[in-house]
Amino acid sequence: MPASLRFVHLDTPDALLPAFDVMRQLRPHLTDAPSFAAQVARQNAEGYRLLAASDAGSVVGLAGYRTLTNLLYGRFVYVDDLVVDGSLQRGGVGAQLLDAVRQIAREAGCAQFVLDTGLHMPLAQRFYFRNGLLARGMHFVEPLAPLSHPAGLTS
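First residue of the sequence shown: 153, per our numbering; consecutive thereafter.
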């Protein structure tokens, strides 16, 4: 595990560009860094935040999340994206990212911390169980239009 992880929100296009290669490991349909930065900017307008874990100035992990309110959970943080560079997986970076976003949720007065993962991802499921999350439901999707994969439509 990198000894000197630093966590910072990526809020500008210039800050987002170095995160592209890591995010693409989770979202391979993303085609280029400028389009990724533009998509994140659109999502930022809807409350999305992208938290980067950096080591020695390099992005090694990302957590994209939103603070929301609904009738089921009350005020909660929903994690849309969680990814650690493949060369550093199983080194504690993902757990530290989850802890950082959990702390943000607590400070925002959230009652719940929520995320989805694919049924085809047993290693991710095991990681979430080990980090205190419990499976409470299933996520259903119905495509309403042909998918051209604008960022965020796959999980």
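Worth flagging that the hints you see were computed from the coordinates, not collected in a lab.
All C-beta atoms in this analysis are idealised placements derived from N, C-alpha and C, irrespective of residue type, glycine included.
Possibly wrong hints are sitting among the right ones.
Estimated spans, in silico, between C-beta atoms of each pair [claimed, not checked]:
{"id": "1", "residue 1": "R242", "residue 2": "R158", "range": "18 to 24 Å"}
{"id": "2", "residue 1": "S187", "residue 2": "T221", "range": "38 to 44 Å"}
{"id": "3", "residue 1": "V293", "residue 2": "S156", "range": "28 to 34 Å"}
{"id": "4", "residue 1": "T164", "residue 2": "M290", "range": "35 to 41 Å"}
{"id": "5", "residue 1": "V293", "residue 2": "T219", "range": "33 to 39 Å"}
{"id": "6", "residue 1": "A167", "residue 2": "E294", "range": "20 to 26 Å"}
{"id": "7", "residue 1": "E259", "residue 2": "F292", "range": "30 to 36 Å"}
For each hint, the structure was consulted:
Judged by the Cβ atoms, the range 18 to 24 Å given for R242 and R158 holds: they are separated by roughly 20 Å. Take S187 and T221: their Cβ atoms lie about 30 Å apart, and the range 38 to 44 Å is violated. Taking the beta carbon of each, V293 and S156 are about 39 Å apart, not inside 28 to 34 Å as hinted. At about 37 Å, the beta-carbon gap between T164 and M290 stays in the expected band of 35 to 41 Å.
In this structure, V293 and T219 break the distance hint of 33 to 39 Å, their C-beta atoms being roughly 23 Å apart. Checked against the given bound of 20 to 26 Å, the beta carbons of A167 and E294, roughly 35 Å apart, lie outside it. Distance hint check: the CB atoms of E259 and F292 are about 32 Å apart, consistent with the given range 30 to 36 Å.
Of the numbered hints given earlier, the model fails hints 2, 3, 5, 6; all others are met.
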